[in-house]
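When you get a sec, could you build the whole thing from the sequences and use the hints?
Chains as they are written, first to last, in our numbering: chain S, 2 to 466; chain R, 2 to 466.
Worth double-checking, as some hints may not be accurate.
Chain copies aren't distinguished; within one or between two, either way the pair holds.
With a straight-line cut-off of 35 angstroms between C-alpha atoms, the simulated DSBU-like cross-links for lysine-lysine are [stated by the list, open to error]:
hint : residue 1 : residue 2
1    : Lys-408   : Lys-461
2    : Lys-181   : Lys-354
3    : Lys-392   : Lys-158
4    : Lys-152   : Lys-435
5    : Lys-347   : Lys-196
6    : Lys-435   : Lys-207
7    : Lys-354   : Lys-419
8    : Lys-174   : Lys-61
Derived by calculation from the structure, the hints in this document are not laboratory data. No experiment lies behind these values; they were computed from the predicted model shown.
Protein chains: 2
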Amino acid sequence: MSKKDNILIIGAGLCGSLLALRLAQRGYTVNVYESRPDLRATDISAGRSINLALSDRGLKAMRLAGVENKVKPLCIPMYGRLVHDTEGNTFPSNYSGRDNEYINSISRGDLNGLLLTEADLYDNLTIHFNKKCTGVDIENNIASFYDYKTKEEFTAKGDVIFGTDGAGSSLRKSYYLERKFLFSYSQNYLTHGYKELEIPASAEGKHLISQDYLHIWPRGDYMLIALPNLDGSFTVTLFLSYDEGEYNFNNLTTEEAIKNFFNSKFPDALALIPNIAQEFANNPTGALGTVKCSPWHYKNKNVILGDAAHAIVPFYGQGMNASFEDVTVFDAILEQHEGDWETIFKVYEKTRKADTDAIADLAIDNYYEMRDHVANPIFKEKRAIEMALEKEFPNKYFSKYSMVTFKEDIPYHTAMTKGRAQDKAILNLLVDKKITTTDDLNSILKKVQLETEAILEEDKIAGLK
Amino acid sequence: MSKKDNILIIGAGLCGSLLALRLAQRGYTVNVYESRPDLRATDISAGRSINLALSDRGLKAMRLAGVENKVKPLCIPMYGRLVHDTEGNTFPSNYSGRDNEYINSISRGDLNGLLLTEADLYDNLTIHFNKKCTGVDIENNIASFYDYKTKEEFTAKGDVIFGTDGAGSSLRKSYYLERKFLFSYSQNYLTHGYKELEIPASAEGKHLISQDYLHIWPRGDYMLIALPNLDGSFTVTLFLSYDEGEYNFNNLTTEEAIKNFFNSKFPDALALIPNIAQEFANNPTGALGTVKCSPWHYKNKNVILGDAAHAIVPFYGQGMNASFEDVTVFDAILEQHEGDWETIFKVYEKTRKADTDAIADLAIDNYYEMRDHVANPIFKEKRAIEMALEKEFPNKYFSKYSMVTFKEDIPYHTAMTKGRAQDKAILNLLVDKKITTTDDLNSILKKVQLETEAILEEDKIAGLK
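Next up, the structure:
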């Protein structure tokens, strides 16, 4: 293949800008259309600083694009959860028994800006801002746009179109609405929504609580979390039911009600969030949805990646990492089959779909774990045993969380299947008193391994996944 | 409540006509709008005779509406599957070890016609045919229609609107498109489609193969089934991949290819289907989809029931039964909370959703079981043991199939959870040689019960459903 195809990418968010960068590095002519203004020139965050957890799968993709060293300075390592009880006491719970394993708090805007700046280095890559995609003619690969600046509509054509336009993807909507093929599609919402608040930095620009942890206030039916920012502030997120329970978004409508709620449930957090009433009233309440669909492509013409193909809830801290990993996986398949887009798209979905389905399901599991199990005695015992196993056998034992978060070469689906069996094994061994937290670790490891294998084998015989 | 509300029902199919009948019996003024012509006056089957399996959940609903005795004469009992191999040999596999348990082949058209005729007996019930619903204003409860006869558009208002308009429900579409609330929705297609064919009656109007069975030709990647009709014919359905494998709908495009396929895979069936090439070419290829959604209602105004709320694939023979059971469940809740529609709708979904989700999942499980497991030695051994247990302990042992099909008072979700654990128990006991088909049945029953309980307990500890 002498001449490289013209690539049109819809969306220059985290996934789109990384994909654009990688395709430009491969020599394609790339045009990216993004609905928002250039976030490096305009503050589009409405005053809020959104941060995310970057972990090993995401970092692997950064390495692929050659930007890992530029990303690292933006990262704040978080070594575990710091659980806050209603009395204001705190309890650390590490993410791993291995010292070198942690996740990173990073600003979405800073990381996206870095990828855009890197993309600007390529003459064969152009990013068009303020261009909102309004639909795609998937047969003829013509995308329609509205230009927010000129107020004009226009179309653009690509040899291949990539939709990396997020959970509300216009390319995915065209798949759904054009009915050219049987399109399996699901959107599932949790009963809870979320709202972002802020713990500002101290007058000296320091963090007011430890920056080494993801802070969590688990309260069963709802919870609060906080991730550190480089400027000393924390972005706080409240996860709460829309309309159920004593406290919910529908009935917390007055300053008094909001303050009473925080005062009785999160008193230590309340003391750190000076503008709580104003932020609670002004910041939007976001929905928590999971999107799955199939197929991800149409013929050899166009394909969706990232949140456009698989939006997930944020409770495993894997949304961004999964989207970045899409690019890693796609890039390897492109390398194998370059020139044959239909094969590339098919092999990509066949390789990848089980894994993005798995992380979507794991993220929902973690919603319950974080709200509830974190404070549950038997789950605490399990966690203590796993930390000890990881510390004692750093190359032999990996918890489900470690496989998902730190073992970037284990596919999500494998991590889920093995991790769930392992969790079930430990919990049942504990309840049956076949292991206790004071046992010899060699003996515990052996029992957990045997029981995990037995569970996997029994599920296999029964034809279960 | 002195005055009863005006009820508007969209769709006079199986679920809609039963619901209309039941609400009329309760004294409501009911208007039903149906897009098709009156099937009692017009042949709308395009020459094909569609039949379904009516079982105990459906019959319970018929009893509720007082029509069970009129339905019974339309039924042809099927006592089990008759498996056909590629040599033309047949092997019976009963549905139950109890003699009085069977399913019934029934004509969809005949049953629907019976319900419509019954509905006509009520002065407070009116059915309007040829009126296609084009959308619903869910806030103001105004439904828009197109009249196929007069070619005119019109609207109709109800105090309460019920959407029983099937898998492509227009009321559900309004929930999706109006975005007045977070609407969780999924449509998932199998990789296979289906096509209906016919085994005609003999010259004397008799069945050419036994009418006492559901005939099945399982071939792993595809399968053929046949259900008897009252006129001596059988409706045959081929389930086949659209585009995968050696044989698929995309490549079976010539008479020669079709006949070669049947001749090598279903020779005994081919001999009974004289018009195979013509039917294969002319009959449409249907898609196999599952629809789930939530919520099922909007405020106290409107609600969806039946396939509109939960379309499922046909492999458990429970689609119609589940829709009829919706009416049974709804009716009991209406009895409890009459006058408070919002509570009725909420309690109905809370009561019913886990069960319709369960039967949707079970139907997909059975797709694999029928294609594959039916001919698998270990699954055959399991089936033999279950038949023996049901025969020996008719009041103590119920297979998953029996719980789903014959135990109308066990909710689908309970049947699924217990049935899956029981299946897993038997399969693992067989593989581990802890039971064999020649063991004493008392001993087998005890082991299966203990193992089932252990599996349920272990799943519970691990927080699995």
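Verification of the supplied hints:
1. Lys-408 / Lys-461: both (24 angstroms within a copy, 28 angstroms between copies)
2. Lys-181 / Lys-354: For Lys-181 and Lys-354, both the intra-copy (21 angstroms) and inter-copy (31 angstroms) Cα distances are at most 35 angstroms.
3. Lys-392 / Lys-158: Neither. Shortest intra-copy (54 angstroms) and inter-copy (68 angstroms) distances fail the 35 angstroms Cα cut-off.
4. Lys-152 / Lys-435: neither (69 angstroms within a copy, 74 angstroms between copies)
5. Lys-347 / Lys-196: between (38 angstroms within a copy, 27 angstroms between copies)
6. Lys-435 / Lys-207: Neither, since 47 angstroms and 65 angstroms both go past 35 angstroms.
7. Lys-354 / Lys-419: So Lys-354 and Lys-419 pass the 35 angstroms test inside a copy (18 angstroms) and across (30 angstroms) alike.
8. Lys-174 / Lys-61: within (30 angstroms within a copy, 42 angstroms between copies)
Taken one by one, the earlier hints fail for this structure at numbers 3, 4, 6, listed in ascending order.
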